[in-house]
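Spelled out, the chains give:
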Amino acid sequence: MNKNLVIVGGGPAGLACAISAYDEGERDILILEREPELGGILNQCIHNGFGLHTFKEELTGPEYAYRYVKGVEERGIEYKTEATVIDVNAQKQVTYVSKRDGLVTIDAKAVVLCCGCRERPRGAINIAGMRGSGIFSAGTAQKLVNVEGLSVGKNVVILGSGDIGLIMARRMTFEGANVKAVVELMPYSSGLNRNIVQCLNDFDIPLLFSHTVVQVHGKGRLCGVTIAQVDENLRPKMDTAKYIECDTLLLSVGLLPENELAKNAGVVLSSVTGGGIVDDSMMTSQEGIFVCGNVLHVHDLVDFVSQESALAGQRAVQYIRNGAPNCEKITIETKNGIRYCVPSILKKDGDFTSALSFKMRVSNVFKKVTLTVFADGVVVLAKKRPIVTPGEMENVTFTPKQIEQLKTASSIQVSLEGVEK
Amino acid sequence: MRDIIIIGGGVVGCAVARELSRYKASILLLEKGNDVAVGASKANSGIVHGGHDAVNGSKKAYFNVMGNKMFDQLSKELDFPFVRNGSLVLNFGEEGNKTLCELLERGVKNGVEGLEILTGDQVRVMEPNVSQEVVSALYIPTGGIVSPYEMTIAYAENASVNGVEFKFNQTVQSVKPTSNGFDVVCGENTYQAKFVINCAGIFSDEINNMVCQKKIKIVPRKGDYVLLDNAYSNICSKTLFQLPDAMGKGILVTPTAHGNILVGPTALDIDDKEDVDTTAKQLDKAYTIATRSVPNLPRRAIITQFAGLRAHGDQGDFVIGESQQKGFYNCACIESPGLTSAPAIAVHVAGEVAEKLSLTKKEDFVATRKGIPQFSRLDNESRQRLIKENPLFGKIVCRCEMVTEAEIVMAINRPVGAKDLDGIKRRTRSGMGRCQAGFCTPRLVEILQRELNVQAGEVTKCGGDSVIVVGRTK
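Going line by line, the protein sequences match chains A and B. If you count the first sequence from 1, position 51 lands on 51 in the numbering used here, and the numbers rise without skipping. If you count the second sequence from 1, position 261 lands on 261 in the numbering used here, and the numbers rise without skipping.
Each hint should be verified, as a subset may be incorrect.
As the list claims (entries may be wrong) - Cut-off 16 Å, straight-line C-alpha distance, at most; resulting in silico cross-link-like pairs (EDC-like, lysine to aspartate or glutamate):
no.: 1; chain 1: B; residue 1: Lys24; chain 2: B; residue 2: Glu355
no.: 2; chain 1: A; residue 1: Lys99; chain 2: B; residue 2: Glu389
no.: 3; chain 1: B; residue 1: Lys273; chain 2: B; residue 2: Glu206
no.: 4; chain 1: A; residue 1: Lys219; chain 2: B; residue 2: Asp121
no.: 5; chain 1: B; residue 1: Lys388; chain 2: A; residue 2: Glu148
no.: 6; chain 1: A; residue 1: Lys329; chain 2: A; residue 2: Asp376
no.: 7; chain 1: B; residue 1: Lys474; chain 2: A; residue 2: Glu148
Think of the hints as simulated: they come from the structure by calculation, not from any bench.
Here chain A stands alone, though its shape is the one from the complex:
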């Protein structure tokens, strides 16, 4: 089978990408989604707060997804559900399996990977102790509670203050569970401040910074956890160890882009984000393979996923039409507390007619800093920030004049200026 554009994943990234590709004039599009319904993880996010940027209103996850699903259906864009992509190769051949179609290989002109991310499991953070039940990653618990209508436990401790963990603290409280504490290894939260306020503070759930779970107890089902304070090197101080009785431990300890397919296709990945290294058109090191959304880097707001993916869809269509421009590329350097920047490569002759933006995350909490973009050492853009935290993505958008400055530069740097050493 041949297709111009194959989009792997029908979550927020895939849907926005497909709509934008269609609106750019492409008609030969196929979305492949492994779940029975389009919408991705949004379907289990039944809380509100989605779409403030895009729609200027507060939607629930399924409502936000539905706006895009409707967009896909109105345009008659083809999609398949319960179709799992098992391979994408450098020749842009996409192989999927489904109960209905069997195993199918599609030759695509362009592929956009919108596969999202997965949660870091318990093993990756090495909590010692029992190996029975009662330990869930927060998203798994969210799915069981919100989609399957099943209750995962009564007395809960949450490790990690990522957004899903915070949301689940509130959700479990609504379900009648007693959330005893949210325990965070770092001295700051990796979640959004508004979630700390609305999900913890409003329900008097304690948030313990610089603490971790050192041991989990129980034979079959979890019966308790030992928590302890950590020192400045994040090592547990065992003299502070404290036992908390609980039957459930939720882990919200980070998300990892799900890049198995990208790896097979030979896409070069960033060791910082775990996602592909992309240029300003969201194209990876493999020509014609694009990535966007949480498989590229973990976002905190779905609005930005949609934005980024719309750009990827548009660029993929331009690539199908014109091929990749053969031009010089500039690598965007990051320093002074900037962990990463997406894109990390700028094409000198790139088409930046639509606004160019950089998305970044910082490595620590910094106060009164200036997010600064330099071209050949000259300040192109300086954005004052009273506070920046690793939990909130930073976003800067350039004017046409600034873009011109960037395009003619031979080096570009992004930096936090005014950081106290």
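Assemble chain B onto chain A, guided by the hints.
Then chain B, alone, in the frame of chain A:
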């Protein structure tokens, strides 16, 4: 009254069951857990030892060397993962050369073939990631790796097909000799048999001591392991031991039969036979000592950790044979190299028991067992064919290990099928990958509910009170 009761569904019990199922006899296997292979048989290094380490003339040496030779054919017959990858015992200093020579000599006396002492450089040609500090090594080409729980499950399935009855969640409380055999009491149930075979692993001392004058004692020796993501499978291809000490064969770094890298075990004598909790200290120790063999062992590649208990007995050797109590047969104190020895022990024990009970062989014994087709390992044509035959092969449930719904349904519905999440995991690898069952758990709960016709709240991770969910939401 049955002919034979086997106590314990670990690798030894299941292997003995399978070998005895060649004979016309009524056989019942009683297992304390919710599945076979839930004790030491699921949590060990999965090594098929060459046989260089066991004391000359011991039962360990005899059954190890004999068992090792059986694996090629057996793994084909019963279709379980086995690779003869070879082992190396690494030596880091001059003084160790003497120990290596002793091991070589011991191995030769035990009948181990192909042993060779290599220089550090020769080792690094074979295994480029091995430390520069390694000065020499004993090479054991006959060493291998096996998936220990799949081997046990294969034995159990084949035994079941050949008529052995399995009962789970049966904790034996007493074994009482009667006029014509034994009463084996498990809670409200009493089972009777002419012959009892004790294959109770870590509890085999307690079972022995219920019946025999000659008491034995097992001290659980805990070993913690860490497992790495299969993306790092190229760290080594052979099993890398360090020099053995009084507590065992030391910390190893080895590929598993599925291509993950396994690091461990530590060795810590404990009191509690149910305690398989890992501890931060032991996990750290396993990792730290292992970096002596492979300095660049990536810590971030760890996907899970576990601990197992070795049935370390006070007799210095396996205890195998009919006890002074006629009809009560021991396969006790089976610690390393027990996994390697199990096939040979089983043949030996079955032969002796059959003779004592004057059993005759069945004509219709089914010698082979075919495992569940592994979708992830097939080529696309075979995958296509499978989905046509059974559309559930087109539904991928575990994305990390590419396990389909068809495989999971088969795992549940096969003889001695899976009853819980861990049972499915051991049979199909669903949940074994880098997300560690994050994505597949809700689906597995749903499938188990459907196939076993139970409520969601009854689905467990590993039997007992290990429920996944506690009921419906409000």
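Right, here's what the structure says about each hint:
The straight-line distance between the Cα atoms of Lys24/B and Glu355/B is roughly 12 Å, inside the 16 Å bound, and the hint therefore holds. The straight-line distance between the Cα atoms of Lys99/A and Glu389/B is roughly 11 Å, inside the 16 Å bound, and the hint therefore holds. For the proposed pair Lys273/B and Glu206/B, the alpha carbon gap of about 11 Å is at most 16 Å, so the pair holds. Our distance criterion of 16 Å between C-alpha atoms is broken by Lys219/A and Asp121/B, whose separation comes to about 47 Å.
This hinted pair does not check out: Lys388/B and Glu148/A have alpha carbons roughly 30 Å apart, beyond 16 Å. Among the hinted pairs, Lys329/A with Asp376/A is consistent with the structure: their alpha-carbon atoms are about 14 Å apart, no more than 16 Å. Proposed proximity of Lys474/B and Glu148/A is supported: the alpha carbons are some 12 Å apart, at most 16 Å.
Against the hints set out earlier in the document, violations occur for numbers 4 and 5.
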